[in-house]
Amino acid sequence: RYPELAAAGLWTTSQDLARFALGVQQALGGHSKLVSAALARDMLTARAGGDYGLGFGLPQENGEAYFAHGGWNEGFCASLMASQTVGQGVAILINANQPALMDELRRAVAHEYGWPGFRTLTPLPASAEALEKAPGRYRLNAEQVVQVTRQGSRLFMGALGEPAKELVPVAGGRYLQREQDQARSFEADADGRWALRLERQDGVAQRLPRLADTPPMPRELLLAGDKEAALAAYLALRDSGDEAGSEAYLNRQAYAQLRGGSKPLALALMQLNTQLYPASANTWDGLGEVHGVLADKAQARLAYRKALSLQPNLPSAQAALRQLGD
8 RYPELAAAGL WTTSQDLARF ALGVQQALGG HSKLVSAALA RDMLTARAGG DYGLGFGLPQ
68 ENGEAYFAHG GWNEGFCASL MASQTVGQGV AILINANQPA LMDELRRAVA HEYGWPGFRT
128 LTPLPASAEA LEKAPGRYRL NAEQVVQVTR QGSRLFMGAL GEPAKELVPV AGGRYLQREQ
188 DQARSFEADA DGRWALRLER QDGVAQRLPR LADTPPMPRE LLLAGDKEAA LAAYLALRDS
248 GDEAGSEAYL NRQAYAQLRG GSKPLALALM QLNTQLYPAS ANTWDGLGEV HGVLADKAQA
308 RLAYRKALSL QPNLPSAQAA LRQLGD
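Position one of the sequence shown corresponds to residue 8 (my numbering), numbered consecutively onward.
Honestly, the hints are just simulated from the structure, not real lab data. Among the hints, erroneous ones may be present.
[Said to hold, decoys possible] Simulated crosslink set (DSS-like; lysine-lysine; CA at most 30 Å straight-line):
#1 Lys-304 with Lys-172
#2 Lys-270 with Lys-234
#3 Lys-304 with Lys-270
#4 Lys-140 with Lys-172
#5 Lys-172 with Lys-234
#6 Lys-313 with Lys-270
#7 Lys-140 with Lys-40
Generate the whole structure from the sequences, applying the supplied hints.
Okay, here's the thing in structure tokens:
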């Protein structure tokens with residue numbers, strides 16, 4: 008409908024993106040007339056101790072080096088990933104807010120073509136013990152929980168407000184989800200209660216303790232529509248200095264929900280952020296963007312005008328109002 012807003016604003020095709028990746032691979036091998044091998048290697052060298060080079064992310068798959076980048080705009084997602092050592096890679100463009108679908112497609116391509124470092128795992132049935140003990144609420148942080156549920160002989164996991172995805176058992180007591188790469192597992196605490204263990208991309212595992220059925224966490228209050236109790240809970244997090252009550256955290260959470268298609272939750276989080284940080288132009292600017300995605304032009308204008316009253320030269324709010332006809 009509006010191709011100029013393809014992911015990250017790049018006007019291209021999957022074929023051209025694939026040729027671009029091939030060009031980088033050729034340069035790495037010293038076979039490019041445009042880019043030297045030394046420059047290509049420098050492009051794919053991590054900066055400032057992070058996992059990004061010059062323009063590319065630098066993911067690893069079991070010790071095998073890749074380069075990658077992705078983009079997203081409302082209605083579009085894009086992903087490019089290619090090997091640094093062999094001529095393998097894939098470019099994916101989709102007309103949907105479904106980054107997890109791209110991850111699944113990429114893993115399917117990697118499996119079919121035998122990409123270095125990508126492993127094929129055999130699914131196993133869930134054990135009777137896991138089916139009995141795993142279901143429940145697990146504390147992700149001070150405002151969120153992860154819910155594990157049972158459906159027949161299968162287990163599912165999801166954050167509140169998001170669709171639950173199946174936990175597929177594999178060898179070693181681990182569980183995988185088709186939509187992402189990091190493994191999950193369960194371990195007993197000192198009292199014998201199961202805790203949830205999440206592997207992260209940085210290699211550090213996060214342990215989520217099991218929660219009782221009550222009291223509700225702040226995100227649960229927000230999803231239940233109890234705005235007064237939710238606001239009080241998030242105010243307490245803000246005033247205690249907890250990251251889960253910070254402006255930046257709530258902003259990231261709102262945009263993550265927006266990308267994932269949970270627009271009502273994205274709106275609730277942005278509205279909450281303006282209540283917690285009413286003097287921040289950024290919170291009102293974000294609220295305006297969500298209203299714009301929801302096609303509520305009147306509310307978008309109000310939010311952007313509020314942002315400009317706090318920061319008159321805010322470029323994003325100025326541009327948004329021009330686009331809205333102000």
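Comparing the hints with the structure gives:
For the proposed pair Lys-304 and Lys-172, the alpha carbon gap of about 34 Å is over 30 Å, so the pair is violated. Of the supplied pair hints, the one linking Lys-270 and Lys-234 holds, its CA atoms being roughly 17 Å apart against a limit of 30 Å. Taken as a hint, the Lys-304 and Lys-270 pair is honoured in the structure, with Cα atoms around 15 Å apart against an allowance of 30 Å. Restraint check for Lys-140 and Lys-172: satisfied, since their Cα atoms lie roughly 18 Å apart, inside the 30 Å limit.
The straight-line distance between the Cα atoms of Lys-172 and Lys-234 is roughly 28 Å, inside the 30 Å bound, and the hint therefore holds. Taking the CA atoms of Lys-313 and Lys-270, the gap is about 21 Å. The hint holds against a cut of 30 Å. Straight-line distance between C-alpha atoms of Lys-140 and Lys-40 comes to about 60 Å, which puts the hinted pair past the 30 Å bound.
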